[in-house]
Amino acid sequence: MITAHQLACRYVGHDGDALAGVTIEVPPGGLTLLAGPTGSGKSTLANLLCGVIPHLVPAAVRGQATVAGRDPCRSSVSEMSHTVGLLLQNVECQVFCDDAEDEVAFGLENRGVDPADMPALIDTALRCVGADRLRGRRLGTLSAGERQRVVLAALLAAGQPVLILDEPLAYLDRSGTRSLLATLAELGRQGRTVLVLEHRRDLVRRLAARELFLDHGRLADAPPATEAFSGLIGGPLGQTRLAWQRLTLAWDRRQPALLTEVSASVRAGESLVLVGDNGSGKTTLMRAALGLVRPRAGSVMTCGHHAATTPTRQLAAEAALVLQSPDHQLQLPTVAEEVGGQLDELSRLGLAGLAGRHPQSLSLGQKRRLTLAAALARRPKLLLLDEPTVGQDDGSLALVLRRLIEFVADGGALVTATHDRRAALALAQRALILEGGSARHASRRDLELFFDDYGGDR
Amino acid sequence: MRSDRPTWVHRLHPLSKMVAALVATVLALALTDGAALLVLLGCVTALLLAARPRVPTQLLAAAALILGLVMGVNYLAKGDLRDSAHYSLRVGVLLLCTPILAATTAPQDTIRALARCRLPAGVTVALLLVWRFFPVLAREAAEIRQADRLRGPARGLIRRWFRGFLVPLTGVTVGYADQIALALELRGFDPAAKRTVYRPPQATWRDAVFLTLTLIAATAAAWVQWGSRA
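One line per chain: the protein sequences are H and C, in this order.
The working numbering puts the last residue of the first sequence at 1069; the count rises by one with no breaks.
The working numbering puts the last residue of the second sequence at 245; the count rises by one with no breaks.
FYI, nobody ran anything at the bench for these hints, they're computed from the structure.
Keep in mind the model is a prediction, meaning the values are calculated, not measured.
Below, in silico cross-link-like pairs of lysine to aspartate or glutamate (DMTMM-like), each with a Cα-Cα straight-line distance of 25 angstroms or less:
1. C:K209 with H:D710
2. C:K209 with H:D728
3. C:K209 with H:E690
Distance ranges between label pairs, derived from CB positions:
4. H:Q675 with C:R175: 50 to 56 angstroms
5. C:L144 with H:T752: 20 to 26 angstroms
6. C:P150 with H:L667: 23 to 29 angstroms
7. C:P150 with H:G1048: 23 to 29 angstroms
8. C:R221 with H:R748: 22 to 28 angstroms
9. C:I81 with H:Q801: 52 to 58 angstroms
Heads up, the beta-carbon is just placed ideally off N, CA and C, and yes, glycines get one too.
Just chain H, same shape as in the assembly (with noise of 0.2 angstroms):
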């Protein structure tokens, strides 16, 4: 179904190959699994297989690659839409209509299809990856994982035999990894041919009918995955640096609460870790620790000051949160401005020799990773981090991983917001689990069984 014979790929501007001579066949039918540290060509090479590259990004392609019969250098990118679907990152950035079936049915109006036909196509498309339910729905209500399921139904609506899926796990909590693994490998079974990229190899090779490893832009043997890392070990305990104290929030005033009387607290030296699914606080928490959220009761005490009467510069010179998004915060010309010249942050990140670059030009897993490094160049006494791992591969993921358990060693006080069970149990003394709108204090044992829960996300 996909075939690709010395397949090679330079971008313009740069001096080496992004893709040197693969070599793959993949038949028809099946879930695959395209893997491989970042910048290793996985991207490039879907790209090229939707024809992105080279009608969108211009480079210079050597090699043939043909998709169901059809080569993506000679057909343009909607015309290679018939054969290929492609899901992006994300999902925000896809979405063109408000509720879900105006969503699958866009797709099929570009397409010509026959208005009587779309009820059927859209009615299959959204029972295929388990979205019948969410027919009717604006969009804007529904969580993450719900959202990438209604435009994998788009893509899906149109029949196209090969679908790509670009990091389809990055946001998704345990059940939306479960369900949409689960909906994949089905749609395999049903003689799609899928091919996931994905830094996650640990929760998709069980599933995958093969996989392909990508190192430096050639086919590699694969390394097995990395199931866990090496964890905090406790040290002495300092000040409270942070103290939710019966905190109840909601997301505006006509909203019912988010999360009711949440007690805990984070000392220096000490890790917490906040679980829970999508849409169940993490984030809103995390927030009402540096004032960007009003509590609707209760009080949150931030290195000692009240964080819901002090301006939030005021706290950040004490406290740091790292959100999900780098882009909403990279504005400085050079990665080393951003780090404040300190260049070690960006070594022991594994981001040494990138100093004089912008910060847009780097790649997502890199533009995290400069986020956490400008963070930890203020020398926070707090540092709050949401879903640090996304975009992370593993050899990245140990770099931060490292980094952070330096952090708690050195006396700062952590708390991270994440979906990965890996990094949960590395850095995890204690546990916060989120869960219908409460908190439950819990111990690393209860971690394990909290990811264990829905069986597949390990």
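Following the hints, complete the assembly by docking chain C onto the known chain H.
The following block gives chain C in isolation, referenced to the frame of chain H:
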């Protein structure tokens, strides 16, 4: 600004709402009499209330500020309080018309209605993208402002605004435009190809009643200015 639950205003045909907004806009620009403008503003406000929108307090404050500024600047320029009040009423009508349409009409319904008017697909889909872009931009701007505050104390208002807001907003906007253009092609959009329309909006008796009421309201406002003088 959006409504929690659909009302009869939501169920109107998008073209009916566009016609009504156009009539109100033209009249607001043409009327000079305070009472006539008040009638027009009253009708538009009634329609807004019927749509039961959720209006954030900041938006109301911003609208009040704009109206106050318009009035103040006009008063300083002309020294005529009556004339300045007329300007504010006119701006009030203009400020309300588009948000009512936007808050009560799904973007895809608007482009489907326009497609029935035989507008080219390139134009209607471009309108859809612009329509979707503004809420995205507002959300991103709010996130960027928060992210800037998280960087701690900063000096220089203009420098902070440029680096802390404008630079990231530009980056995010360019990135969004790139991604949405790519997503559009991946979803099979080709401006030269024939597009079909799923569930085109249908005009009903509600639209007939609404357009009749629009005509009556417009006539009433016009009569207050021109008819009563005759």
